[in-house]
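With the hints as constraints, model all of the structure from the sequences given.
In UniProt numbering, the protein residues as written are 1 to 836.
What the hints contain is simulated information worked out from the structure, not anything from laboratory work. C-beta atoms are modelled at their ideal positions from N, C-alpha and C, and glycine is treated no differently. Among the hints, erroneous ones may be present.
Each pair of labels, with its calculated beta carbon distance range [what the hints assert, rightly or not]:
| hint | residue 1 | residue 2 | range |
| --- | --- | --- | --- |
| 1 | GLU57 | SER773 | 53 to 63 Å |
| 2 | LEU190 | ILE776 | 32 to 42 Å |
| 3 | THR364 | CYS524 | 42 to 52 Å |
| 4 | ILE313 | ASP443 | 14 to 24 Å |
| 5 | GLU37 | LEU517 | 45 to 55 Å |
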Amino acid sequence: MKKVIVIGNGMVGYKFCEKLINKANRNDFEIEVFGEEPRPAYDRVHLSEYFGEKSAEELLMAPTEWYSENKITLHTSSLISNIDTQKKEITTYKKEIYNYDYLVIATGSSPFIPPIKGSEKSGVFVYRTLEDLDAMKSYASKIKKEGKTQAAVLGGGLLGLEAANAAKELGMKTHVIEFAPRLMPRQLDLPASNLLKSKIEQMDIKVHLEKATSEIVGEDSIEAMQFNDNSSLKVDMLIISAGIRPRDELARDAGIKVGERGGIWVNNKMQTSAEDVYAIGEVALYNEGIYGLVAPGYDMANVAVEQITGGDIKMVSSIDMSTQLKLIGTEVASFGDPFIENDNVSVISFENKHKGIYKRINVTKDGTKLLGGILVGDSSDYNTLFQLYINEMKLPENPEDLILGARGGESSSVGSVMDFPDTAQICSCESVTKGSICGMIKDETCCSLSDVVKATKATSGCGGCKPMVVDLVNETLKSLGKEVKETLCEHFNYNRQELYDLIKVNNVQTYDEALDLFGKGDGCETCKPALASLFASIYMETANKQVTIQDSNDKFLANIQRNGTYSIVPRVAGGEISPEKLMVLGKVAQKYDLYTKITGGQRIDLFGAELHELPLIWKELIDAGFESGHAYGKSLRTVKSCVGSTWCRYGMHESVSFAIEIENRYRGLRSPHKLKGGVSGCIRECAEARGKDFGLIAVDGGWNLYVCGNGGATPKHAILLAEQLDDETCVKYLDRFLMYYIRTAAPLTRTAPWLDKLDGGIEYLKKVIIEDSLEIAEDLEKEMQSLVNKYECEWKQAIEDPEMMKRFKHFVNTDERDSNIEYVALRDQKMPKAWV
1 MKKVIVIGNG
11 MVGYKFCEKL
21 INKANRNDFE
31 IEVFGEEPRP
41 AYDRVHLSEY
51 FGEKSAEELL
61 MAPTEWYSEN
71 KITLHTSSLI
81 SNIDTQKKEI
91 TTYKKEIYNY
101 DYLVIATGSS
111 PFIPPIKGSE
121 KSGVFVYRTL
131 EDLDAMKSYA
141 SKIKKEGKTQ
151 AAVLGGGLLG
161 LEAANAAKEL
171 GMKTHVIEFA
181 PRLMPRQLDL
191 PASNLLKSKI
201 EQMDIKVHLE
211 KATSEIVGED
221 SIEAMQFNDN
231 SSLKVDMLII
241 SAGIRPRDEL
251 ARDAGIKVGE
261 RGGIWVNNKM
271 QTSAEDVYAI
281 GEVALYNEGI
291 YGLVAPGYDM
301 ANVAVEQITG
311 GDIKMVSSID
321 MSTQLKLIGT
331 EVASFGDPFI
341 ENDNVSVISF
351 ENKHKGIYKR
361 INVTKDGTKL
371 LGGILVGDSS
381 DYNTLFQLYI
391 NEMKLPENPE
401 DLILGARGGE
411 SSSVGSVMDF
421 PDTAQICSCE
431 SVTKGSICGM
441 IKDETCCSLS
451 DVVKATKATS
461 GCGGCKPMVV
471 DLVNETLKSL
481 GKEVKETLCE
491 HFNYNRQELY
501 DLIKVNNVQT
511 YDEALDLFGK
521 GDGCETCKPA
531 LASLFASIYM
541 ETANKQVTIQ
551 DSNDKFLANI
561 QRNGTYSIVP
571 RVAGGEISPE
581 KLMVLGKVAQ
591 KYDLYTKITG
601 GQRIDLFGAE
611 LHELPLIWKE
621 LIDAGFESGH
631 AYGKSLRTVK
641 SCVGSTWCRY
651 GMHESVSFAI
661 EIENRYRGLR
671 SPHKLKGGVS
681 GCIRECAEAR
691 GKDFGLIAVD
701 GGWNLYVCGN
711 GGATPKHAIL
721 LAEQLDDETC
731 VKYLDRFLMY
741 YIRTAAPLTR
751 TAPWLDKLDG
761 GIEYLKKVII
771 EDSLEIAEDL
781 EKEMQSLVNK
791 YECEWKQAIE
801 DPEMMKRFKH
811 FVNTDERDSN
821 IEYVALRDQK
831 MPKAWV
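Now the structure itself:
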């Protein structure tokens, strides 16, 4: 049996072990792993989540038991001090000696600390390990008690912005200091950087560009940063994230070849200059480059495993550094050559500063080939764009459609994921190709999505490839003549549409009854809210019914916020509100000290209500004529309007009255996802009706009705359903459209993706809604009218029922408030202390 020793137990070292134990000849090898840190490998990509929702244990790549179960000897807190390549042995810091047949160096990198005077002072940290984060937590907690709250991050790259988010999560007022003239200079151009800077500063993180730090000022601990331009910044804590340096000292001391600027030299087999010694991950210098992304490290691990076990896989000559990630709540992606500009290249860019979106693609002059691009604010197109780039696929006739979307209802699609070549890498984290996924389905190695995930680990990394993997599995199954059924969850072997029919036909009234008749087990957090939504859609139940299966927002009839308080959004139909009602909202907000903000849907949002205050506030609002705006529910939110012909000299129809009529008709209507509408009095479109799930635009002869548009992270224009309609016909078509969507859409599916998945698309929908091709139009109208007739205000219902009121208490055994909720002042209003 051959002995394999791995030095380094980070993500790449772990991946090497995982791939080795999955080889058929695994029993030919004994594996021993040495890691410096006191715990097994953990996910550094999501390190900042350690400040929020994840514990150290939840970040582990695998528990300690995994190593013993797979006959791997793991040494934690074990530093290697020497490698002897002649004797093929390593020595630990305890002078313990271990022999190897194959040695894999996966020591990764260490943070680069620039030669700045004073960097050794207390309060200066690096952002690399869980221990680093624990030290930051402890220090921040200590200095905040002294009234010190200013933190800075040196470095505006990927890790620097992650570190800035970490400092913010610690409750520090955070600054980012970047030497370059833009953030993420290796991934973003200037417009993209400016947009990202704006989004970050909206979160109260101050960005300083083109700043060179000359000295860290302070006696024993940091007090300020001095810059080369003679300016300074008062700082109580500093996190340095100015780049990485490969941990190549062991190899260097052992006489193994290293690069002039660091890194262990390797060939395309991951072999070093020493016999039977391999280097993988951020410590490896391949083709004169160090690669700080997870995917190349995993590829290196796979190559090393193949070489050690007799395979012949080699590293590709050029490593792609395309990446998709989420930074401080903002989606960012870049692929190919994001900056290329010359006479043979056309740059196509789109920027929406209002929604915080920037997209750029670089294409050949003839418009046939994609060379690279940048996405900020919305990276939903990344997977498709990356595949077009990496596989050099032919672009659509109008390449700009790739980032602007289709106009006029025509398709901008470049084909489905099935059109990609078999060599297309669908999951870059695990190097899983389209061919391997489809092949496993075709040869019946796998029969479902879960089988594919288990066999390939696709989707288990960053998760960005999941939509493509799902489509590949479903389309391949369909091509084999097999039924593709998206069941609700493991407890119900039905999809939402089937359960809708079963509940209605059998007059099922409760979740337990549905589980007994159509399901199995005890249910879960997926099927419970889904069935609560179904009962509401079928019977117009309010969220006060069957409270035990509602999600948290519906349970408390308000959106829970990050500090444990709630927001309250009363309905303001069509955006029309009287001065008297405006004053009531102001007085209520003042009385309960609520943060107020006007929403994009023409309503006033009241933030910061504590649980016990909700019924008190509702009572005052209801007495003034308000009702629930259902901002917490998967239901109709708003119908936005302009001022229409009443006031506007361009207005063609009275949009406000019609918007109010429509919003009041569908208020409380529960659906698979939230619904938003808009009514514009002319084609100037001030109500943004074409960015809504349904929208009306006034024209000569009536209203044009548009459907299935969405705003948000994946904006999509609504598509024309019918033209020049009178009011009555508009309502009739809306009744049919909304009921058909409610009946047939999957859970948590907005109208835009629902239409994308609908066989026949908009033309089919027109036949169903306008031509009544399924002969169900009358049923849809009657069903909608029945729901409209059953409407009740959930807030009013709750405050009038003593039993319902019991759930609006922080504690079951006392009426005391939650003393952990704290606030600070910002812009003359209160803010959650943890946020600021």
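- Task: Take a look at whether the Cβ-Cβ distance between GLU37 and LEU517 falls inside 45 to 55 Å.
- Result: holds, 52 Å
- Query: Could one say that the CB atoms of THR364 and CYS524 fall in the range 42 to 52 Å?
  - Reply: holds, 49 Å
- Query: Okay, ILE313 versus ASP443 on CB: inside 14 to 24 Å?
  - Reply: holds, 21 Å
- Query: So the hint says 32 to 42 Å: do the beta-carbon atoms of LEU190 and ILE776 match that?
  - Reply: Because 54 Å falls outside the window, the suggested range is violated.
- Return holds or violated for the Cβ distance of GLU57 and SER773 against the range 53 to 63 Å. Hint holds: Cβ distance 55 Å, inside 53 to 63 Å.
The structure does not agree with numbered hint 2 stated previously, though it agrees with all others.
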